[in-house]
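So the protein lines, in turn, are chains A and B.
Counted from 1, the first sequence has number 65 at position 65 by this note's numbering; the numbering is strictly sequential.
Counted from 1, the second sequence has number 141 at position 141 by this note's numbering; the numbering is strictly sequential.
No wet-lab data here; the hints were simulated from the structure.
One thing to keep in mind: the hints can contain errors.
Said to hold, decoys possible - Just some of the chain B residues that point at chain A, by a computed CB distance under 7 Å:
1. 65
2. 74
3. 137
Quantities reported herein were computed from a predicted structural model and do not represent experimental measurements.
For each residue, glycine too, the CB sits at the ideal point set by N, CA and C.
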Amino acid sequence: MYAPNRTRPVWLIVLVVVAILLLILHVAGQLQPLEDLAFGWAQPLLRGALGIGEGAQAVTGTVADINALREQLKQLQSQVTELGITRVRVRELENENTLLRQQLAYKQTNPDFDILGAAVLQRNPDLARVIGQDPSNLARYIILDQGSAEGIKTGMPVVTPQGLVGRITATGAHWAKALLITDATSAVNAVVQSTRATGIVQGDVNGNLTIKYVPQGEAIKPGDLILTSGMGGGFPKRLVIGQVTAVRKHDIELFQEADIQASVDFARLEFVLVLKKFTPADITQEPTPTPTAAPRVTRTPTK
Amino acid sequence: MSLWISIPLLALVAIIQIVLLPQVAIFGYKPDLALALVVAWAMLAPVGEAAVWGFIIGIFLDLASGLPFGMHALALTTLGWLIGWGQTTFFRGNLLAPPVALVLATLAHHVILLGILALINWQIDWAAYLLRVTLPTALLNALVMPALFFPLQRVARWLRPQMEF
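All chains, please: the whole structure from these sequences, using the hints.
Below is the structure:
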């Protein structure tokens, strides 16, 4: 099983040294022009492969009945998604209405106070196409076909109409990489819609979501919707993250936690929206926020 | 194999890894086709050739990865080299050798990647990664290895008919 012709060890050492050098340059932030150049060449190939993949998927469903059923399923899924979004909107409006009534009552009893109105999100989304995913099972990133030339910057939130996807961690001229909220290094300040209890949504190594650091006294139950709280300024508030599927509560612990079913299907991401502008949540307007704990994972990707 | 042939081949495999395999992930796990290719070629080609393949395909993967650039290139070059050396000693002529080698290579690959991340101050939950990511990935890789190894073995025989495989 072996062959006599061997590559000279010196070349192998050179390759290892080059790889280490690239790693050091990347960590030092000096590799951007080279990555831009390489991505410029690679992007048409990635787009082409994506087209082939989609074509292959279409070919596999050649039987007419299956196609018809698939179409119906798609329509029903779309309706379910729309209804879900409507439900979230209605509940948010109800909550907002209650909050505004409380604020009005508060203002009427305190006429000398100057109270600010509710923050309105100013979204200026750009539709970006997902052209690939991280090749390793160790990390959860997506590659987008828009970059700094289109106004995308590191830290911008990435969403779909179904909910929060992640945030931009690296940009090139016409590409960007986004860390998914399901990655083990991701942490998002969140709020339970029904009770307004706050917590932190973290991903794990398997890509599951958990809301942690919810105080024991707060009511949280399966079916509750989890939204971004907007605290910390990294994300706008009220973006849907997912729905509680199971709650873990132990009397001896200070906090409770719950498993979340993400509202976004991360395996089927095709198009996403990058929020280039939004008004950060004003925490002074939040109704009795419970204190948030520091996230377990504090590391920040270097890109 | 000439670089004029191997570079497009490796680019194609990298594109499949980045674009197509995430769409067919099983329980969220996708097989590591690039690693499987490097390991298979390390067991069939002259010592060191798979290390060159590892470097090239590693660079392609680094472009798409959110992890620091150069990590995949470094890990795959090292593994291509080590397994290329090991095949002359441990793996010769054993049918179980390819999947077993790939299981070990997957473990080594993840340990190298996580080790580099730990070196640059990322906090790594080693037990969670190794048990819940590395182990399933290694088993999935071992399942796909025969589908890759035996066709490659035919290619290697065709390229070097004088060789014993």
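Verification of the hints:
no.: 1; hint: 65; verdict: 5 Å, holds
no.: 2; hint: 74; verdict: 4 Å, holds
no.: 3; hint: 137; verdict: 5 Å, holds
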